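Protein chains: 2
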Amino acid sequence: MIFEKIFEKMTDIISLSKEDKEYIKTIVTFRKVDRKDFLLKQNEIEEYYYFVISGCLRTYIIDSKGVEKVIQFSPQGWWIADNESLIFHTRTKFNIEAVFDSEVFMLSRSNMINSVKRCPELRSYYAESVERSLVFLRNRLNEILNMTAKQRYLNFCEKFSNLVEAVPQKYIASYIGVTPEFFSTMKKKLRENGVKK
Amino acid sequence: MIFEKIFEKMTDIISLSKEDKEYIKTIVTFRKVDRKDFLLKQNEIEEYYYFVISGCLRTYIIDSKGVEKVIQFSPQGWWIADNESLIFHTRTKFNIEAVFDSEVFMLSRSNMINSVKRCPELRSYYAESVERSLVFLRNRLNEILNMTAKQRYLNFCEKFSNLVEAVPQKYIASYIGVTPEFFSTMKKKLRENGVKK
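Going down the list, the sequences are from chains A and B. By the numbering used here, the letter at position 96 of the first sequence is numbered 88, and the numbering carries on one by one without gaps. By the numbering used here, the letter at position 124 of the second sequence is numbered 116, and the numbering carries on one by one without gaps.
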C-alpha cells in the first residue's frame, strides 16, 4: 500500500500507533508527476514539502546565461522543498521537476505545523529529516569546494547508484559542475582506466 | 545576563516560561574560546551543538593540497555543529575554530534529545533553527554553482556586514572560493568602480 512507503521512513526514526498512521493519511496528498512536469517553478511561492514515493526529482536553477544548474536530486524516500520560500513566503529561485514519471506525497507547511500538536513524535521525525538534509548539503558544498570533478562523480555513483544510468547524463554533468563534453571525456578515461564501466 | 542572548533567539520562535528558562540554563555549558582555538578538529567525533554568544567561528576543511577552505562562518546568534558526526558518530572532516575570542554555549546531542521531552516547545525551536541552516546552505551552494566571485563577495558583504572588515581577508577569499591575490585585485576594482569602499 502506497502509504507504507512513508510510514517505513518514519518508523526508522519514531514509533507510530495505528491512530497516528490514520491521522497521517489525512494530512498528505498523493500526486502523480509526469516526467518533465514541475512541482515548483522559479518565482512561485512554495507551499509544500514533497516526499518522493517513486521516481526522482531534480532541483535546479537557471543561471544568468540561461544554463540549467542542478542543485540536487531527490530519489525515492527523500523529502524536498524550497524551505526558504516555505518559511518566509518569498518567491523561489529554484525549479523542482520530475526526472522520470514520479509519485509524491505533498505536505503543506500548515499541516506540518499542526500535525506536531496532534502527534508530537512527528516533530522528531521532521527535525531528524531536516538535519539529514543539512548533512547532505554540507557534504555537497564540501565536494564542490574541495574535490575534483572525478571525485565528485565517483561520490555520486556511490551515493546514487540507482540513478547513474537512469538519469540523463547532462543532468549528472551539471550536478558535478562540468560541461557535458568534459563529462563524456572524463567518463571515457575512467572506463579506460577500469575505474567505471 | 549571558543567558538572555540565547533566550532572545528562542523567543523569536517559541514562548518560554520562567521554568523553561531555568531548565535550559541547566542543559547548556558556557565556554570561552580564544582566537584560533578549536571547538572541533578533523577526525574527532562531534559531541555538541554550539550557540555563538559573542565572537565568530569558522568551519573549514583542509583539502588534499593542504589548503584551508572555509565552508561557513557562524557569527553571534548562530548555531553550528557537524551534524553528520553528531548523528552518526562518524569522524568529522571539518574544523571549527574561533576567528576572534568568542563565547559559546555547548549543548550535547543527548541533552538536546532529552530536553524536548521536558519542554516540547524546544523541538519547534530546534527544527526551525536547523531548517534555517538548510536554507543558508542551499543558498550558499547556489552561490558557488551559479554566481561570479564578485556577486558572492557582494552577497557576503550584505549578509555579514559586521564581518567584512573584522575577519582576516584571506578567510573571506577562501569562503568565496578565490585566491587571496585574486580577491585583492577584485576588491581594488570594486573600489575603483565605487561599488565598495
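Keep in mind that the hints were calculated from the coordinates and are not lab data. Since the structure is predicted, the reported quantities are computational estimates derived from the model, not experimental observations. Hints should not be assumed to be uniformly reliable.
No copy is singled out in the list; a pair is fine if it fits within one copy or between any two copies.
To be verified - Simulated crosslink set (BS3-like; lysine-lysine; CA at most 30 Å straight-line):
| hint | residue 1 | residue 2 |
| --- | --- | --- |
| 1 | K109 | K162 |
| 2 | K181 | K85 |
| 3 | K162 | K181 |
| 4 | K109 | K10 |
| 5 | K162 | K28 |
| 6 | K142 | K61 |
| 7 | K1 | K109 |
| 8 | K109 | K57 |
| 9 | K10 | K162 |
| 10 | K85 | K10 |
| 11 | K1 | K151 |
| 12 | K179 | K57 |
| 13 | K142 | K57 |
| 14 | K24 | K109 |
Evaluation of the provided hints:
For a Cα distance limit of 30 Å, the shortest separation of K109 from K162 qualifies neither inside one copy, at 44 Å, nor across copies, at 47 Å. For a Cα distance limit of 30 Å, the shortest separation of K181 from K85 across copies, 29 Å, qualifies, whereas the shortest one inside one copy, 35 Å, does not. When the C-alpha separation of K162 and K181 is checked against a cutoff of 30 Å, the pair qualifies only within one copy, where the shortest distance is 17 Å, while the shortest distance between copies is 36 Å. In the homo-oligomer, the alpha carbons of K109 and K10 lie at most 30 Å apart both inside one protomer (17 Å) and across protomers (22 Å), since each shortest distance falls under that limit.
For the homomeric pair K162 and K28, the shortest alpha-carbon distance inside one copy (14 Å) is at most 30 Å, but the shortest distance between copies (43 Å) is not. In this assembly of identical chains, the alpha carbons of K142 and K61 lie at most 30 Å apart whether taken from the same copy (18 Å) or from different copies (19 Å). When the C-alpha separation of K1 and K109 is checked against a cutoff of 30 Å, the pair qualifies both within a copy, at 20 Å, and between copies, at 22 Å. Taking CA atoms no more than 30 Å apart as the test, K109 paired with K57 passes in neither setting, with 46 Å inside one copy and 50 Å between copies.
Neither within a single protomer nor between protomers do K10 and K162 lie at most 30 Å apart by alpha-carbon distance, with minima of 44 Å and 56 Å respectively. For the identical chains of this complex, K85 and K10 are neighbours neither inside a copy (39 Å) nor across copies (41 Å), given an alpha-carbon limit of 30 Å. For the homomeric pair K1 and K151, the shortest alpha-carbon distance inside one copy (18 Å) is at most 30 Å, but the shortest distance between copies (36 Å) is not. For the homomeric pair K179 and K57, the shortest alpha-carbon distances inside one copy (26 Å) and between copies (24 Å) are both at most 30 Å.
For a Cα distance limit of 30 Å, the shortest separation of K142 from K57 qualifies both inside one copy, at 25 Å, and across copies, at 16 Å. Taking CA atoms no more than 30 Å apart as the test, K24 paired with K109 passes inside one copy only; the shortest distance there is 29 Å, against 38 Å between copies.
Of the numbered hints given earlier, the model fails hints 1, 8, 9, 10; all others are met.
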